[in-house]
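Peer 1: Chains as they are written, first to last, in my numbering: chain A, 23 to 272; chain B, 63 to 621; chain C, 2 to 329.
No wet-lab data here; the hints were simulated from the structure. Any given hint could turn out to be false.
[As the list claims (entries may be wrong)] Okay, derived cross-link-like pairs now, SDA-like style, lysine to any residue, Cα gap no bigger than 20 Å in a straight line: (1) C/Lys-328 <-> C/Ala-231; (2) C/Lys-328 <-> A/Ile-267; (3) A/Lys-237 <-> C/Ser-125; (4) C/Lys-328 <-> A/Arg-263; (5) C/Lys-74 <-> A/Gly-45; (6) A/Lys-72 <-> A/Thr-177; (7) A/Lys-212 <-> B/Ile-135; (8) A/Lys-237 <-> C/Thr-151; (9) C/Lys-327 <-> A/Asp-130; (10) A/Lys-212 <-> B/Glu-223; (11) C/Lys-143 <-> A/Gly-45.
[Stated by the list, open to error] Some, not all, of what chain B presents toward chain C, calculated at C-beta under 8 Å: (12) Leu-539; (13) Ala-548; (14) Asp-552.
Glycine included, each C-beta is placed from N, C-alpha and C at the ideal position.
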Amino acid sequence: MKIAVCIKRVPDMETRFKIATDGKSVDQAGLKFDMSDFDGYAVEVALRLKEKEGQGDVTVISLGPAVVQETLRKALSMGADRAIQLETDSVPFDGLAIARALAAELEDGGYDLILFGRMSIDSSNQTVGPMTAELLGLPCMTAASSLEIADGRATARRELEGAAEILEFPLPAVITIDEGIARPRLPSLKGIMGAKKKPLEVRPAQLGEQRLSVKQMELPPERTGGRIIGEGPDAVPELVRLLRIEAKVL
Amino acid sequence: MPPTSGRSLPVIPARYQPKLPVDRFILAEQPDAEAVPMDVVFVGGGPAALAGAIELSRLIKRDAEEGGSLGEIEIAVLEKASALGEHNLSGAVVNPRPFRELFPDLKDGDFPFRAPVGNERVYFMTGSRAQRIPTPPTMKNHGNYVGSICEIVRWMGERAEEAGVNVFTGFPVESLLVEGERVVGVRTTPSGLQRDGAPGSDYTPPTDLTARVTVLAEGTRGSLSQAYMKWRGIGSRNPQIFALGVKEIWETKQPLDAVVHTLGWPLPNDAFGGSFMYPLEPNLVALGLVVGMDYGELDLDVHVLLQRMKLHPLFRQYLEGGEMVEWGAKTIPEGGYFAVPERRYGDGVVIVGDSAGFVEVSSLKGIHYAVQSGIYAARAIFEALKKGDTSAASLAPYDRMVNESYIMSDLRERRNMRLAFQKSGIYAGGVKAALMTVTKGAFPGGMISSESDAEAPRTRRSGEEFKPDGTLTFSKLDAVFRSGNATRDDIPSHLVVGEDIPGDVAELYQHMCPAGVYERDGDRLVVSPANCIDCKATDDIGPRWTPREGGSGAKYRRM
Amino acid sequence: MANTFAYAETRAGELRRVALEAVTAARQLADASGGGEVHALIVGAPGVAAKAEQLGRYGADVVTVVEDAALDKYSPEVVAATAAQLIGAGEFRVAVFSASAQGRDLAPRVAAKLGVSMISDATSLELNGDSVVSQHPVNTGKVIATVTLTGSPALVTIRPGAIAPAEANRSARVESGKPALDPASARVVPKELIQGNTAQLDLGEAPVVVSGGRGLKVPENFKLLEDLAAAFGNAAVGATRAVTDEGWRPHSDQIGQTGRLVSPDLYIACGISGAIQHLAGMRTSRTIVAINKDREAPIFKIADYGIVGDALEIVPVLTEAVKEAKKE
Numbered sequence: 023m024k025i026a027v028c029i030k031r032v033p034d035m036e037t038r039f040k041i042a043t044d045g046k047s048v049d050q051a052g053l054k055f056d057m058s059d060f061d062g063y064a065v066e067v068a069l070r071l072k073e074k075e076g077q078g079d080v081t082v083i084s085l086g087p088a089v090v091q092e093t094l095r096k097a098l099s100m101g102a103d104r105a106i107q108l109e110t111d112s113v114p115f116d117g118l119a120i121a122r123a124l125a126a127e128l129e130d131g132g133y134d135l136i137l138f139g140r141m142s143i144d145s146s147n148q149t150v151g152p153m154t155a156e157l158l159g160l161p162c163m164t165a166a167s168s169l170e171i172a173d174g175r176a177t178a179r180r181e182l183e184g185a186a187e188i189l190e191f192p193l194p195a196v197i198t199i200d201e202g203i204a205r206p207r208l209p210s211l212k213g214i215m216g217a218k219k220k221p222l223e224v225r226p227a228q229l230g231e232q233r234l235s236v237k238q239m240e241l242p243p244e245r246t247g248g249r250i251i252g253e254g255p256d257a258v259p260e261l262v263r264l265l266r267i268e269a270k271v272l
Numbered sequence: 063m064p065p066t067s068g069r070s071l072p073v074i075p076a077r078y079q080p081k082l083p084v085d086r087f088i089l090a091e092q093p094d095a096e097a098v099p100m101d102v103v104f105v106g107g108g109p110a111a112l113a114g115a116i117e118l119s120r121l122i123k124r125d126a127e128e129g130g131s132l133g134e135i136e137i138a139v140l141e142k143a144s145a146l147g148e149h150n151l152s153g154a155v156v157n158p159r160p161f162r163e164l165f166p167d168l169k170d171g172d173f174p175f176r177a178p179v180g181n182e183r184v185y186f187m188t189g190s191r192a193q194r195i196p197t198p199p200t201m202k203n204h205g206n207y208v209g210s211i212c213e214i215v216r217w218m219g220e221r222a223e224e225a226g227v228n229v230f231t232g233f234p235v236e237s238l239l240v241e242g243e244r245v246v247g248v249r250t251t252p253s254g255l256q257r258d259g260a261p262g263s264d265y266t267p268p269t270d271l272t273a274r275v276t277v278l279a280e281g282t283r284g285s286l287s288q289a290y291m292k293w294r295g296i297g298s299r300n301p302q303i304f305a306l307g308v309k310e311i312w313e314t315k316q317p318l319d320a321v322v323h324t325l326g327w328p329l330p331n332d333a334f335g336g337s338f339m340y341p342l343e344p345n346l347v348a349l350g351l352v353v354g355m356d357y358g359e360l361d362l363d364v365h366v367l368l369q370r371m372k373l374h375p376l377f378r379q380y381l382e383g384g385e386m387v388e389w390g391a392k393t394i395p396e397g398g399y400f401a402v403p404e405r406r407y408g409d410g411v412v413i414v415g416d417s418a419g420f421v422e423v424s425s426l427k428g429i430h431y432a433v434q435s436g437i438y439a440a441r442a443i444f445e446a447l448k449k450g451d452t453s454a455a456s457l458a459p460y461d462r463m464v465n466e467s468y469i470m471s472d473l474r475e476r477r478n479m480r481l482a483f484q485k486s487g488i489y490a491g492g493v494k495a496a497l498m499t500v501t502k503g504a505f506p507g508g509m510i511s512s513e514s515d516a517e518a519p520r521t522r523r524s525g526e527e528f529k530p531d532g533t534l535t536f537s538k539l540d541a542v543f544r545s546g547n548a549t550r551d552d553i554p555s556h557l558v559v560g561e562d563i564p565g566d567v568a569e570l571y572q573h574m575c576p577a578g579v580y581e582r583d584g585d586r587l588v589v590s591p592a593n594c595i596d597c598k599a600t601d602d603i604g605p606r607w608t609p610r611e612g613g614s615g616a617k618y619r620r621m
Numbered sequence: 002m003a004n005t006f007a008y009a010e011t012r013a014g015e016l017r018r019v020a021l022e023a024v025t026a027a028r029q030l031a032d033a034s035g036g037g038e039v040h041a042l043i044v045g046a047p048g049v050a051a052k053a054e055q056l057g058r059y060g061a062d063v064v065t066v067v068e069d070a071a072l073d074k075y076s077p078e079v080v081a082a083t084a085a086q087l088i089g090a091g092e093f094r095v096a097v098f099s100a101s102a103q104g105r106d107l108a109p110r111v112a113a114k115l116g117v118s119m120i121s122d123a124t125s126l127e128l129n130g131d132s133v134v135s136q137h138p139v140n141t142g143k144v145i146a147t148v149t150l151t152g153s154p155a156l157v158t159i160r161p162g163a164i165a166p167a168e169a170n171r172s173a174r175v176e177s178g179k180p181a182l183d184p185a186s187a188r189v190v191p192k193e194l195i196q197g198n199t200a201q202l203d204l205g206e207a208p209v210v211v212s213g214g215r216g217l218k219v220p221e222n223f224k225l226l227e228d229l230a231a232a233f234g235n236a237a238v239g240a241t242r243a244v245t246d247e248g249w250r251p252h253s254d255q256i257g258q259t260g261r262l263v264s265p266d267l268y269i270a271c272g273i274s275g276a277i278q279h280l281a282g283m284r285t286s287r288t289i290v291a292i293n294k295d296r297e298a299p300i301f302k303i304a305d306y307g308i309v310g311d312a313l314e315i316v317p318v319l320t321e322a323v324k325e326a327k328k329e
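Chain A with its partners taken away, still in its complex shape:
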């Protein structure tokens, strides 16, 4: 099976972010970067599928400046076979632009499966996977929390709010992977050594027009805490109201 996995380099989310002086990006000073969490799961799924079949080829693709090669090397050290950097000065915020560049690269690749993480943990748009599928005219499953493949057909599960659904589709297909499906392996020492010799190609990205952009970034207000809303079971309706209206978590 020939598998492509599209991965993104993102900052470490444990960081206390600061806004850069341009007011519309995060200050890069002192940030650590790694593969986006969900993308790690996607790489793991690809490697397990390859191992299960006993053969196959896993290509990892990342879009961005030269530093994304670090992220590609990590995927290679986990066990991917080859890597492609689609070179741009910076990663656009517009998912459609990214999807266009990826689709142009993937179109004639002959992939049976194109995997993405469910979303990038930094920009959190969750659009590139399904947009790429549409541009390629391929069946698409988003946010797969389990995946079975047999006889050229896939069965996958998606978690919903308080429910789940099972869908079936034929390969080739695009699948975006939810976390928890298979814990990403740590690169082994031999894997890291081997990764240095694996092929990594660099090609210019064809992004096209961008219509979605970031105008401003700011930090959310700091947690204040210490608010007691009532006593006993009588306070529950107020709690539910606040969770819904103010905290927006229900």
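Fit chains B and C to the given chain A structure using the hints.
Peer 2: Same frame as chain A, but now just chains B and C:
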């Protein structure tokens, strides 16, 4: 002060300390058939190792350019933290001397230091006052730079990778593989073990690496370094002694414009140590407290003393309204000249940096000695590789280079300074130290002998309670949280604890460990290994630290 | 004046609350831009047309109902083709979807079919000249981005709960539509909807964590927390060290400095006093609710919402209230 409880005091910690598990660290085994072939393996990814790796790769490159016959030499740096710098902690005011030697094409401004030292102030503290005193000659820092060892190490790692060094992070080394007296390789720790020691679903077995030379650059209290020296019977004239430093990084509202050191309060008179406060940026302040571990109070607690200290106006004026953004702790070898191992090489092995005890405590410096020792090790290894002979005799020039350098002349000049304090306390010790400075070590001549920290009797309790306020002062668990420690909580314990530890000894561990790994529960010792941030404090006097799954422990960023 | 499209999400033939949120958002946007029409799309098995009236009350002027026996479950390709056809044919300035699991699957497909970009997971929505402007949390909510999207139609998914459904006193004209793709020819086939999903979510991954301490008194009372977690559907149950040390819960459930570090959207601490080592494991949660008898308990200091009282009395009431809320 009489002990508040007469029960079983004094405590001599050595009586409860388990033996160093040498047979686990030194394995008479060949590397397995799948071993990764390397020529030179650095164990540890700190300044000494990276300097050595950079210098060695440069010598090899030059040799190749000059048509030398060495061929391809593979160099590996194995670091236990998940990224370079995450387990490194220092003050730090850095002497740039060996950086200039290591990077002859760069200027001081190219190095990853924060700023040159400008103003300097030293205070003698009492609980309510801070009396400024003249800066002792050993503590003058003109020409040095304030820096973060994390940042320095990350930068050196980039230079090493550019030079072709294989930097492997997340790979602690568990054992040296030996053949006869010769070190022939290393074995990494496995990962993915469950609490009971059985392999879990993410189990990754250990990896062996072969090496013609293994460089022990583990930092303070390196397990393999200790085991190797014990195995080969390498001693020192005095036992190595240690201090524990607890450090915090603060974002402050009030700018700090000077490098500040203090002596005196909050330490009891018979404890050796002091504090530092350095501006990484005007509003980003590193501060810490360093205390020799031969103190006499059973319940002396460096973390708590640091918390108390911050309430003093001298510190409070800067910290109030600010935020503590990072916390960490580390031991420092401070035995000096007489505690340096009598040799730092063997068949297929050299020992560098803190693992060899290259720290000069009266000037609070070790980084530049570590870097310099790494450079010398690289030069000796290079010549040995060229000869095709990496035996002890062939690596011996490393020791000679160190002995003839400023590393050992600095240490020799101040050889008895720290030891005077073990014998005399801060006042008399201070007078003696001043005389030693003036006479460049000629006073009092000879060697003041010392005992190991584990033999130091803990004779009394302070009995003082401290309640952190959560804004200026913090509990240990709160602090560990800010070390970035996210160790998997279900790994097997990596701490070898003695059997039947009495309550009083448990109490000693509880207060000594800055990370809340040990708690006294009645007459029981409760251990929470996942809290451990590898400072090695209790390893010095009690439970032994051993390497665990890669990536465990602290994730320091600007320490 | 511009028309606005809203996708009305259903599950098992019932309108979801997020459908009303989408229609409300579309109504507010249309009104703010001078009063265009709101067109809603609802897709389902025969009978779903009955829900059109409710969409009217919340502000839809036109409801297109697409009924087909094969569309009892969400069929991504059919709904995407149908929505794209409708949006493409109308003069819509903005098309609103929910950033629910279904909406986040659907909207990007529709956007790509139409060849337009989209805004995801918006917590606010307004028209500003040529642009649609929204706020969108990035970097796990640690940073808020203000994003702008140019071009028409502009697709937006809005974060569930970000806009409260509000009745607008309208009544909708109902139009009957056809699927733009024959459900039988869809390649991605919905096989099964599993309702009331109580699959055990991992503590580290669950968006909601319900956690208990010694205040629950006996291990059996953790059943109350399991019921509350089940009511949320996307929740996991955690515990304090005191509880796991007592053996009430497995050690793997322990949240705290020496246990799991969690950072869910919602953390509900029941009968937990808030020892610092516990706080260390959960304090980065986005919203924290504390229920504890002791008004002085440290947990209240970091809680966004505190209720003073016995968790054993309060949790069952909360469970019922959450069930009600989830029904809508």
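Peer 1: To test your reading of the hints: which numbers does this structure violate?
Peer 2: The structure conflicts with hints 5, 9, although it agrees with all the remaining ones.
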